[in-house]
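> Add chain B with the ligand to chain A, keeping to what the hints say.
Protein sequences appear in the order of chains A and B.
Read in order, the letters of the first sequence correspond to residues 37 to 307 in our numbering.
Read in order, the letters of the second sequence correspond to residues 72 to 232 in our numbering.
Treat the hints loosely; a few may be bogus.
[Unchecked claim] Sample of chain A residues facing chain B (criterion: CB under 10 Å; computed from the structure):
id, residue
1, Ile42
2, Ser45
3, Leu52
4, Arg77
5, Asp80
6, Ala88
7, His95
8, Asp97
9, Asp98
10, Trp111
11, Arg115
Everything labelled a hint here was simulated from the structure, so no lab data went into it.
All C-beta atoms, glycine included, are put in the ideal place defined by N, C-alpha and C.
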Amino acid sequence: MNDRTIHPSEGSLQALADGELEPARAADIQRHLVECEDCTRRLDQLRELAGAVTEALGHLDDPGDTERWVPDRAWDNIRARRQDVRAHPRPPAVRGWRQGAAAAVVALLLAAGAATALPWSPLRTWFSGSDPGEVLAPLSDASPAASTDGALARTDPVGLTMDLRDGEMDVEVEALADDGWIEVRRTDAAGVSAEAPAGTAFHSAPGRLRMVGTGELHQGPIRIALPRSGRRTVLTIDGQVAAEWTPTELVVHGVVAADSLDGALRLRRQP
Amino acid sequence: MTFREIFHDTYPALVRYARRMAGDPDAAEDVVQEAFVRLLDGDVRGESQRLRGWLFTTVTNLLRDRARVAANRSRLLAAQAPATSSPPEAAGEAERQERIRRVREALECLDERDRTLLLLREEGFSYRELAGEVGVQPGSVGTLLARARQRFRDRLTEETP
Ligand SMILES: [Zn+2]
Numbered sequence: 037m038n039d040r041t042i043h044p045s046e047g048s049l050q051a052l053a054d055g056e057l058e059p060a061r062a063a064d065i066q067r068h069l070v071e072c073e074d075c076t077r078r079l080d081q082l083r084e085l086a087g088a089v090t091e092a093l094g095h096l097d098d099p100g101d102t103e104r105w106v107p108d109r110a111w112d113n114i115r116a117r118r119q120d121v122r123a124h125p126r127p128p129a130v131r132g133w134r135q136g137a138a139a140a141v142v143a144l145l146l147a148a149g150a151a152t153a154l155p156w157s158p159l160r161t162w163f164s165g166s167d168p169g170e171v172l173a174p175l176s177d178a179s180p181a182a183s184t185d186g187a188l189a190r191t192d193p194v195g196l197t198m199d200l201r202d203g204e205m206d207v208e209v210e211a212l213a214d215d216g217w218i219e220v221r222r223t224d225a226a227g228v229s230a231e232a233p234a235g236t237a238f239h240s241a242p243g244r245l246r247m248v249g250t251g252e253l254h255q256g257p258i259r260i261a262l263p264r265s266g267r268r269t270v271l272t273i274d275g276q277v278a279a280e281w282t283p284t285e286l287v288v289h290g291v292v293a294a295d296s297l298d299g300a301l302r303l304r305r306q307p
Numbered sequence: 072m073t074f075r076e077i078f079h080d081t082y083p084a085l086v087r088y089a090r091r092m093a094g095d096p097d098a099a100e101d102v103v104q105e106a107f108v109r110l111l112d113g114d115v116r117g118e119s120q121r122l123r124g125w126l127f128t129t130v131t132n133l134l135r136d137r138a139r140v141a142a143n144r145s146r147l148l149a150a151q152a153p154a155t156s157s158p159p160e161a162a163g164e165a166e167r168q169e170r171i172r173r174v175r176e177a178l179e180c181l182d183e184r185d186r187t188l189l190l191l192r193e194e195g196f197s198y199r200e201l202a203g204e205v206g207v208q209p210g211s212v213g214t215l216l217a218r219a220r221q222r223f224r225d226r227l228t229e230e231t232p
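Only chain A is shown next, with the shape it has when bound in the complex:
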């Protein structure tokens, strides 16, 4: 090896050992290794080191863990914890909220003032709110570009589908942008589906759906599909009841401007 040979950095050798180098770069280094004993030795050391670390860390894993980690039991725990959360809901802080079996039911609360700075979530998931075992399409890996470019994920909608409770549904939406709008359609599906721009946080339980987003991240509409079979649905905007659906009736209140768009009811804040 002459003195002017450029040896790969330790980081590059580590990346090679970890199989994380681009093929062209890996090939370059492989060519170098053929002629360089020092680097070959260092690579061997790094491999040996990684193996030793993995082995040492294994000591931290209790051999009894496989018995502890009964996923079914953990799953039950998780469901129980969610029930617990539902049993002790935070008191609604928004006017127009009505609760209870006899009361109304789909409330879309657009409380712009209630916005907190939610970091955007690029998770593009469709959960069934009623049974976590029934995700419609858990997450999309379809756009790898999203992993480096947050802007893409930002615009991808998030959504969920949830069952009614006794034919009724509570949906809250908070912190919609001033120029945001809601499109509501009736469908033959059994549950309510909602889709909102990424950055929206969903809180769900059977018969209840709450969406919280931040104004600056809301790009595009919130789309909601309501089942025709629902007994009663109430839409509340800015803490006020905006619209109510029953199988025979739709009542739109004065807080929103409503028009129709491609068969959907489009609701905006009343200017």
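Just chain B with the ligand, lined up with the frame of chain A:
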């Protein structure tokens, strides 16, 4: 793929990771379950791109919060609690405990970033994912990992009688 399948796939790895990170199996499971509760409730906050990444990030954050609380509490307890003597252990068990203690100590001599890198790499995170997770350039992950592993092992072997 149902949510349940995702759960079955990631739960053991998450608990293993949390446990290595925290050293407390109960806390580990608790935190992982909390992460899933948040996921199911759609209380999704974080910057990871994928569900798995999001879960690991959430677990890391929850563990950090908890460690902060625990540090305060143990400071209080240390002032008043008498030292408890551990029950007699079988020789093999004592040896095992000693090994665990040494590994933990070696792990704790790393700063949080390096510890996170090391443990997430063990769970199969790519350099790119690791870079996003701890906020460094993907190109520097190899160097950071090599150093973290070296420091970890140096500390470990230095301990060996
Ligand atoms: Zn060389």
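> Would you mind marking each hint as holding or not holding in the structure?
A quick look at each hint next to the structure:
1. At its closest, the beta carbon of Ile42/A sits 16 Å from a beta carbon of chain B; the interface hint therefore is violated under the 10 Å criterion.
2. For Ser45/A, the interface hint holds, the least distance from its beta-carbon to any beta-carbon of chain B being 7 Å, beneath 10 Å.
3. Look at Leu52/A: its Cβ gets to within about 8 Å of chain B, closer than 10 Å, so that hint holds up.
4. Hint status for Arg77/A relative to chain B: violated, with the closest Cβ pair at about 14 Å, above 10 Å.
5. Given the 10 Å rule on beta carbons, the hint for Asp80/A is violated: about 13 Å separates it from the nearest Cβ of chain B.
6. Taken as an interface hint, Ala88/A checks out: its beta carbon lies about 6 Å from the nearest beta carbon of chain B, inside 10 Å.
7. With a least beta-carbon distance of about 5 Å to chain B, the hint placing His95/A at the interface is held under the 10 Å criterion.
8. A least Cβ separation of about 6 Å between Asp97/A and chain B falls short of the 10 Å threshold, and the interface hint therefore holds.
9. For Asp98/A, the interface hint holds, the least distance from its beta-carbon to any beta-carbon of chain B being 6 Å, beneath 10 Å.
10. Hint status for Trp111/A relative to chain B: holds, with the closest Cβ pair at about 6 Å, below 10 Å.
11. At its closest, the beta carbon of Arg115/A sits 8 Å from a beta carbon of chain B; the interface hint therefore holds under the 10 Å criterion.
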